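Novice: Sequence:
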Amino acid sequence: MIKKILVSQPKPTSEKSPYFDIAREYGVELVFRPFIRVEGLTAKEFRQQKISLLGYTAVVFTSRHAIDNFFTLAKEMRVTIPETMKYFCVTETIALYIQKYVQYRKRKVFFGATGKIADLVPQMVKHKNERYLVPMSDIHNNSVQEMLDAKKLDYQICVMYRTVSDDFTKEEVEQFDYDMLIFFSPAGINALTKNFPSFEQGDIRIAAFGPATAKEVTDKGLRLDLSAPSPEFPSMTGALRDYLERQR
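Residue 0 is where the sequence shown starts when you use numbering that gives the first Met the number 0, and the numbers rise one by one after that.
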């Protein structure tokens with residue numbers, strides 16, 4: 000019987016989150032506790048990549064973390080980003096977040112509709128004369144590079160932030176009594192094994208979002224009980240609701 004679920008993400012800020020509906024409908028306790036956190040590189044660390052921010056005419060943002068760390072590094076290095084800089088974002092939400100740092104102007108901010116960089120590339124191709132800078136985490140695959148190479152775009156991928164384990168306190172380790180753990184990245188699985196080196200799954204269910212996360216679960220010798228997305232359930236909350244319904 001599943002009564003207590005750990006969701007390895009920050010607690011939703013909106014009370015309208017489907018997670019809260021699930022908690023009420025199925026009588027489960029949801030605890031939101033990230034296993035990982037993001038920290039930005041220092042200016043000294045970034046300079047080791049020998050990249051000049053002013054050597055590019057456009058920036059590609061795949062997350063809010065990328066935006067925060069781009070402008071934080073620029074400030075730390077005393078670089079004034081020109082008003083002519085263009086910004087390409089994977090979603091409108093991320094595009095609007097730029098307002099935190101610069102005045103939002105539609106003529107220089109572009110965004111995709113699905114959250115996938117593949118859907119943003121066609122807009123980048125329309126501006127093929129730009130020199131693109133693509134800030135990324137230290138953990139990333141080559142998919143973005145392959146897409147941009149295929150379109151012969153002028154770009155440079157750089158690392159501006161890293162994903163690290165958000166270590167559990169001694170008290171948290173002692174109170175680790177969950178019936179189900181939900182993960183959203185391979186780094187989260189690695190953090191689990193780091194914080195709990197003698198972890199034994201037993202009856203604890205493990206859910207994973209995304210194929211890379213699911214693969215990391217099985218690569219670590221753990222049992223994968225629930226995975227998303229799927230054609231039927233594109234979200235983790237949808238897959239979780241169905242799983243709990245079948246457990247009744």
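Treat each hint with caution, since some may be false.
[What the hints assert, rightly or not] DSS-like cross-link-like pairs, simulated, lysine-lysine; straight-line CA separation at most 30 Å:
#1 K125 x K115
#2 K49 x K127
#3 K74 x K15
Just so you know, the hints here were simulated from the structure itself, not pulled from any lab data. On a predicted model such as this, the values are computed, not experimentally measured, just so you know.
Novice: Taking the hints in turn, state whether each one holds.
Specialist: Going through the hints against the structure:
{"no.": "1", "hint": "K125 x K115", "verdict": "17 Å, holds"}
{"no.": "2", "hint": "K49 x K127", "verdict": "24 Å, holds"}
{"no.": "3", "hint": "K74 x K15", "verdict": "36 Å, violated"}
When the structure is compared with the earlier hints, a violation turns up for hint 3 alone.
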